[in-house]
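There are 2 protein chains.
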Amino acid sequence: MKILVINSQLEKKHIELIKTTAEKLDAEVHFYKAESEIPQSDFDTDIIYGFAPSIVKTSKTLKWLCVPWAGVDSIMKPGYFANEDCLLTNAAGAYGVSIAEHMIAVSLVMMRRLDEFLSETREGKWLAPRAQKSLKDCRITVLGTGDIGTSFAKRVRAFEPASITGVCRSGKSRETVYDKVLAVSALDTILPETDLLAMSLPATPETCGILSRARISLLPQGAYIVNVGRGSAIDEDALADSLESGHLAGAALDVFQTEPLPQESRLWKTKNLLITPHVAGNLTLPHTKDKNVAMFLEDLHNFVACKPLHYLVDKKLGY
Amino acid sequence: MKILVINSQLEKKHIELIKTTAEKLDAEVHFYKAESEIPQSDFDTDIIYGFAPSIVKTSKTLKWLCVPWAGVDSIMKPGYFANEDCLLTNAAGAYGVSIAEHMIAVSLVMMRRLDEFLSETREGKWLAPRAQKSLKDCRITVLGTGDIGTSFAKRVRAFEPASITGVCRSGKSRETVYDKVLAVSALDTILPETDLLAMSLPATPETCGILSRARISLLPQGAYIVNVGRGSAIDEDALADSLESGHLAGAALDVFQTEPLPQESRLWKTKNLLITPHVAGNLTLPHTKDKNVAMFLEDLHNFVACKPLHYLVDKKLGY
Chain A
-8 MKILVINSQL EKKHIELIKT TAEKLDAEVH FYKAESEIPQ SDFDTDIIYG
42 FAPSIVKTSK TLKWLCVPWA GVDSIMKPGY FANEDCLLTN AAGAYGVSIA
92 EHMIAVSLVM MRRLDEFLSE TREGKWLAPR AQKSLKDCRI TVLGTGDIGT
142 SFAKRVRAFE PASITGVCRS GKSRETVYDK VLAVSALDTI LPETDLLAMS
192 LPATPETCGI LSRARISLLP QGAYIVNVGR GSAIDEDALA DSLESGHLAG
242 AALDVFQTEP LPQESRLWKT KNLLITPHVA GNLTLPHTKD KNVAMFLEDL
292 HNFVACKPLH YLVDKKLGY
Chain B
-8 MKILVINSQL EKKHIELIKT TAEKLDAEVH FYKAESEIPQ SDFDTDIIYG
42 FAPSIVKTSK TLKWLCVPWA GVDSIMKPGY FANEDCLLTN AAGAYGVSIA
92 EHMIAVSLVM MRRLDEFLSE TREGKWLAPR AQKSLKDCRI TVLGTGDIGT
142 SFAKRVRAFE PASITGVCRS GKSRETVYDK VLAVSALDTI LPETDLLAMS
192 LPATPETCGI LSRARISLLP QGAYIVNVGR GSAIDEDALA DSLESGHLAG
242 AALDVFQTEP LPQESRLWKT KNLLITPHVA GNLTLPHTKD KNVAMFLEDL
292 HNFVACKPLH YLVDKKLGY
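As given, the protein sequences belong to chains A and B, one line each in that order.
Note that this note's numbering gives residue 103 to position 112 of the first sequence, counting from 1, and the numbers run on in steps of one.
Note that this note's numbering gives residue 278 to position 287 of the second sequence, counting from 1, and the numbers run on in steps of one.
Accuracy of the hints is not assured; some may be wrong.
Derived coverage of chain B by chain A (criterion: at least 3 residues anywhere in the stretch with Cβ under 8 Å from a Cβ of chain A; other residues may be distant) [as the list claims (entries may be wrong)]:
1. 52 to 61
2. 88 to 95
3. 112 to 122
4. 255 to 269
Pairs of lysine to aspartate or glutamate, EDC-like flavour, derived with a Cα cap of 16 Å [said to hold, decoys possible]:
5. 48(A) with 37(A)
6. 116(B) with 184(A)
7. 24(A) with 2(A)
8. 145(A) with 166(A)
9. 282(B) with 128(A)
10. 260(B) with 7(A)
11. 51(B) with 35(B)
12. 280(A) with 35(B)
13. 145(B) with 111(A)
14. 262(A) with 114(B)
15. 260(A) with 111(B)
16. 127(B) with 281(A)
17. 262(B) with 235(B)
18. 260(B) with 114(A)
19. 10(A) with 184(A)
20. 260(A) with 114(B)
21. 171(A) with 184(A)
22. 262(B) with 114(A)
23. 282(B) with 151(A)
24. 282(A) with 184(B)
25. 280(B) with 128(A)
26. 145(A) with 151(B)
27. 282(A) with 128(B)
Don't read these hints as lab results, they were simulated from the structure.
Keep in mind it's a predicted model, so treat the numbers as computed, not measured.
Every residue gets a Cβ at the ideal spot worked out from N, C-alpha and C, and that includes glycine.
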């Protein structure tokens, strides 16, 4: 059995851990920092941990692709895998901490107007205090109650919000951090009572355009939006209009319909919009790396034992 | 009995509440947005809720000054009060939420490098991800375990830090959010094990220069500092040197030895330093206003009943 690991972020301890585990399981493992480094002789691999489209698209013998990130929409297209039976796992669950920290950070940057203050002091200006808002007593709606949304909810709970409402496909969650959990079909009922809408949805046919122009207008005057899931979830033009008109007080986007955000996009110049270049889920955080590797190794044991893989992507649901 | 309220931030509901309470207590109350508006005829007041140095410095009949903020170092100087027996209360306890939110925000902005990303995207640049740090598994030391430090500790706990150590004068705290609480005399033992030093100290002779050049050098390479207490606590020149040399990874200051920060200060241009213009404790937050007014009214009842005031400043300790 041959494993290729393609990841420039792994530390020595991760490489050692993978090597030791592979040895125990009688597997051969090769490490590369980038796909371009892989020699032709290694294309006949059984397992890929990382990403190597050229192999995935051509190898009829690849049995398992484990991608080290959560969103798999770009590789879920029909015909992407040369071997249609190739298993696909992802790292949904490894990024909750990283992305939740980002969500709290940008929420506070907007509400406490830190972007203004820091821009001003960077230019040597000490200007007067002005009205700020607070997470305390804020009505929060978390759209997408997976690992990311729930990690955010657990952190934001400590800020004493008025309420945290989860919204997900099923309308059910085992997590007790939510005051209530609604099905997506009830989204329109909660939007008018939402001061901060935190979006952490995968890209699926159901989530595409879910935050439409009509739904943005259901949010109350002065609401904030944070999106860390996929850019396809929001009507970007309607969002920009709402920010420009002053209906929304602010938005923070880490993901966009097209990435990198095209130079001609109006979002670059939209008022009260914070843009980050898809960095919320950062594989450089020690915790994220550790968990990512642990998840792969857990399923490597499963794979060798012919057991079902734990982090298998549901190809029907798309996540 | 006459009360002057001087505060431009109060809302109608606060004014009504103060009026109703004063009426019940048979007191006369006058509202002003600024000291300059107070007519000579109102200088003979018994109580001031707000700040009016010209009256405090001249009236021998002023019985109680209630300032709507926490730090009273600037008015604790000998001879400041014309009536030396005038009682002084502050609003320590009203700003914990506001300042703790600021502390979390600037900590994350530094660790997650949001200031870089937001500066770049503001200029239309979509640059590559880079190494970030996390509050998770971070060793946090809170220097000053009053309302502000403890409100911060309660929030940052949700981010799963490795440890939260409180440091205060007595070395004791009733708050269970700290893993341990040390006396200031043990500060040097914890600094080498501190990844994030959060400072929320009042200005007193004991805290002046407490974070000296020697103590800054005790912090490990890559540590972060947040200061929201008083600028006098830090050797600003030593801090700038440590940031410039790359020993400290970042610092966020909301308070300075001189405010506004003088144009000639080297801090304006110091690498990896976030400057905010003393805005962490912002009286515009609804919660802060409500609590501020409630604290004054609680002590107004005490004052009229000749009971000890709850929020009395200890003139010996200076806070």
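Would you mind confirming whether the straight-line C-alpha gap from residue 127(B) to residue 281(A) stays at or under 16 Å?
Given that 16 Å is the threshold and the Cα spacing comes to 13 Å, the pair holds.
Next pair to validate is residue 280(B) with residue 128(A); report whether the Cα-Cα distance is within 16 Å.
13 Å, holds
Assess, step by step, whether the Cα of residue 145(B) is no farther than 16 Å from the Cα of residue 111(A), and give holds or violated.
30 Å, violated
Under the criterion that the straight-line Cα-Cα distance not exceed 16 Å, is the pair residue 145(A), residue 166(A) satisfied?
With Cα atoms ~9 Å apart, residue 145(A) and residue 166(A) stay inside 16 Å; holds.
Would the pair residue 262(A) and residue 114(B) pass a check requiring their Cα atoms to be no farther apart than 16 Å?
Roughly 14 Å separates the two Cα atoms, so the pair holds.
CA of residue 171(A) to CA of residue 184(A), is that 16 Å or under?
13 Å, holds
Between residue 48(A) and residue 37(A), is the straight-line Cα distance small enough, at 16 Å or below?
Status holds; Cα separation ~14 Å.
With a cut-off of 16 Å on the C-alpha distance, tell me whether residue 262(B) and residue 114(A) pass.
Given that 16 Å is the threshold and the Cα spacing comes to 14 Å, the pair holds.
Tell me if the straight-line CA distance from residue 282(A) to residue 184(B) falls inside 16 Å.
24 Å, violated
Keeping to a limit of 16 Å between CA atoms, is the pair of residue 282(B) and residue 151(A) held or broken?
Judged against 16 Å, a Cα distance of about 15 Å means the pair holds.
Using a Cβ cutoff of 8 Å, are there at least 3 residues of the stretch 255 to 269 of chain B near chain A, or does the coverage claim fail?
This one holds; 6 residues, not fewer than the three required, reach chain A with a Cβ under 8 Å.
Between the stretch 112 to 122 of chain B and chain A, are there enough contacts, at least three residues with CB-CB distance under 8 Å, for the coverage claim to hold?
holds (count 9)
The structure fails to meet hints 1, 6, 10, 12, 13, 19, 24 from the earlier list, while all remaining hints are met.
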